[in-house]
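> Given chain D, work out where chain C should sit, using these hints.
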Amino acid sequence: MAAGFKTVEPLEYYRRFLKENCRPDGRELGEFRTTTVNIGSIGTADGSSLVKLGNTTVICGIKAEFGAPPTDAPDKGYVVPNVDLSPLCSWRFRSGPPGEEAQVASQFIADVIENSQVIQKEDLCISPGKLAWVLYCDLICLNHDGNILDACTFALLAAFKNVQLPEVTINEETALAEVNLKKKSYLNVRTHPVATSFAVFDDTLLIVDPTEEEENLATGTLTVVMDEEGKLCCLHKPGGSGLTAAKLQDCMSRAVTRHKEVKKLMDEVFKSMKPK
Amino acid sequence: MEGATQTETKIRAESGIESGPRGPGCSLRHFACEQNLLSRPDGSASFLQGDTSVLAGVYGPAEVKVSKEIFNKATLEVTLRPKIGLPGVAEKSRERLIRNTCEAVVLGALHPRTSITVVLQVVSDAGSLLACCLNAACMALVDAGVPMRALFCGVTCALDSDGNLLLDPTAKQEKEARAVLTFALDSVERKLLMSTTKGLYSDAELQQCLAAAQAASQHVFRFYRESLQRRYSKS
Chain D
7 MAAGFKTVEP
17 LEYYRRFLKE
27 NCRPDGRELG
37 EFRTTTVNIG
47 SIGTADGSSL
57 VKLGNTTVIC
67 GIKAEFGAPP
77 TDAPDKGYVV
87 PNVDLSPLCS
97 WRFRSGPPGE
107 EAQVASQFIA
117 DVIENSQVIQ
127 KEDLCISPGK
137 LAWVLYCDLI
147 CLNHDGNILD
157 ACTFALLAAF
167 KNVQLPEVTI
177 NEETALAEVN
187 LKKKSYLNVR
197 THPVATSFAV
207 FDDTLLIVDP
217 TEEEENLATG
227 TLTVVMDEEG
237 KLCCLHKPGG
247 SGLTAAKLQD
257 CMSRAVTRHK
267 EVKKLMDEVF
277 KSMKPK
Chain C
516 MEGATQTETK
526 IRAESGIESG
536 PRGPGCSLRH
546 FACEQNLLSR
556 PDGSASFLQG
566 DTSVLAGVYG
576 PAEVKVSKEI
586 FNKATLEVTL
596 RPKIGLPGVA
606 EKSRERLIRN
616 TCEAVVLGAL
626 HPRTSITVVL
636 QVVSDAGSLL
646 ACCLNAACMA
656 LVDAGVPMRA
666 LFCGVTCALD
676 SDGNLLLDPT
686 AKQEKEARAV
696 LTFALDSVER
706 KLLMSTTKGL
716 YSDAELQQCL
726 AAAQAASQHV
736 FRFYRESLQR
746 RYSKS
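Order-wise, the sequence lines are chains D and C.
Residue numbering for the first sequence is 7 to 282, as defined by the working numbering.
Residue numbering for the second sequence is 516 to 750, as defined by the working numbering.
Think of the hints as simulated: they come from the structure by calculation, not from any bench.
Idealized CB from N, CA, C, for every residue including glycine.
Treat the hints with care, as some may be off.
These stretches of chain D come out as covered by chain C in the derived footprint (C-beta under 8 Å, 3 or more residues) [to be verified]:
1) 145 to 153
2) 179 to 192
3) 226 to 237
Straight-line alpha carbon distances no greater than 30 Å define the calculated DSSO-like cross-link-like pairs of lysine-lysine that follow [said to hold, decoys possible]:
4) Lys706(C) - Lys82(D)
5) Lys598(C) - Lys127(D)
6) Lys82(D) - Lys687(C)
Next up, chain D with everything else stripped away, as it sits in the complex (with noise of 0.2 Å):
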């Protein structure tokens, strides 16, 4: 009978769970879903992650590979983020060219690097003005169940910390590079941004870490990412109902609480790695 109900109206069925201070899935209204990491799991790529956020998964692999220095930062290298929804992880995809969400997606995550200048491109320069490393990161979406942003920019975050660039010196006589795949060193993570979604219910009521059917019902949605400073990187809130001051002062304690959380989840799974 309460699946019968939830079909015909999937709205009051929420909000029936929302007046008890719960969600259908048992969660309450400001509890994350069972978040688990694994890293280094992709052998081909220089750097890789996985990120489960209760059913979303999201999947990282970053390649390094040489490029020309922009000409008008010749001490830079590039940081190339791509988000991938393909149809496998939901059946509002079609396969072709980047949709909406996507891009959407994919700028947020260039945002997020951008401003939290979680790495410098100046490290990513090997000989300035005619050689640095290009770092492709592609975040492949394999099951879309919701807060696909906050998946993103973690598994973004723990696949720099595994990535590995192999040294390289520029050949005097030839002026060719010689890599040296033998000494590799990790890349310098200066911050850890760190994504907190949160979904607007009936214009008040805000829930934290939206599954897809609670986005599809929700009125607005809003993201946060946070260092570890407490300074905020991004604050996406892409139209949707209004909120007052207050209620983003909540949701700025939530996301320091959140950012602990998820630190704490790394540094165990790095500390557990064994050192190659």
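Okay, now just chain C, sitting in the frame of chain D:
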């Protein structure tokens, strides 16, 4: 005869003084708005903020493709065309922001299974582009007579390296700023409809910028009201 109506206003209190972190003054650039300047779209508006200018056209409520139709409300589409080049991923992201903002205020339930299309063309970009796009979209929707529950406006704040707050920054100020925050606020309760930010800033600075934007939005809404009053009182 309903010709093009033009209204201009200079809103410059405390001219030239950049506001400190404690007391934000309202130093928005000169803005102007022209409505009903295009004959084919159902509604059109051109909004100027300083040297930034955006032209908006609205078609709707009109026929919608069956694949895109929603059974109980209108489908909103936004197209943003940059001044030079082809639209890219950044434009798609902005279109999503503007579309979701419009969806929150437009009473789509009054026109189910129809489409309302907003087309924005950037004429010149001298800073605060997204805010100007939002203002132009709002004025064009009003000109088209699309039912809305509130008006909305866009305000941009820039934070420089000393923590000073600048409203409605020029392109040069945006480049030198440590953080640029763009907000869309509604006219009824000044609630935050949309926000997008660039750069690093703290929570307290966010609240300051939001308060400053809410104060500045009053001036923008007063301008909307005056320009519409002037337009409808003539005819």
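> Take the hints in turn and mark each one as holding or not.
Hint check:
1. 145 to 153: Coverage by chain C is violated here, the residue count being 0 at a Cβ distance below 8 Å.
2. 179 to 192: That given contact is violated, which follows from only 0 residues of the segment 179 to 192 of chain D lying within Cβ reach (below 8 Å) of chain C.
3. 226 to 237: That given contact holds, which follows from 4 residues of the segment 226 to 237 of chain D lying within Cβ reach (below 8 Å) of chain C.
4. Lys706(C) - Lys82(D): 40 Å, violated
5. Lys598(C) - Lys127(D): Given pair Lys598(C), Lys127(D) holds - Cα atoms ~29 Å apart, limit 30 Å.
6. Lys82(D) - Lys687(C): Holds - the C-alpha atoms of Lys687(C) and Lys82(D) are around 22 Å apart, at most 30 Å.
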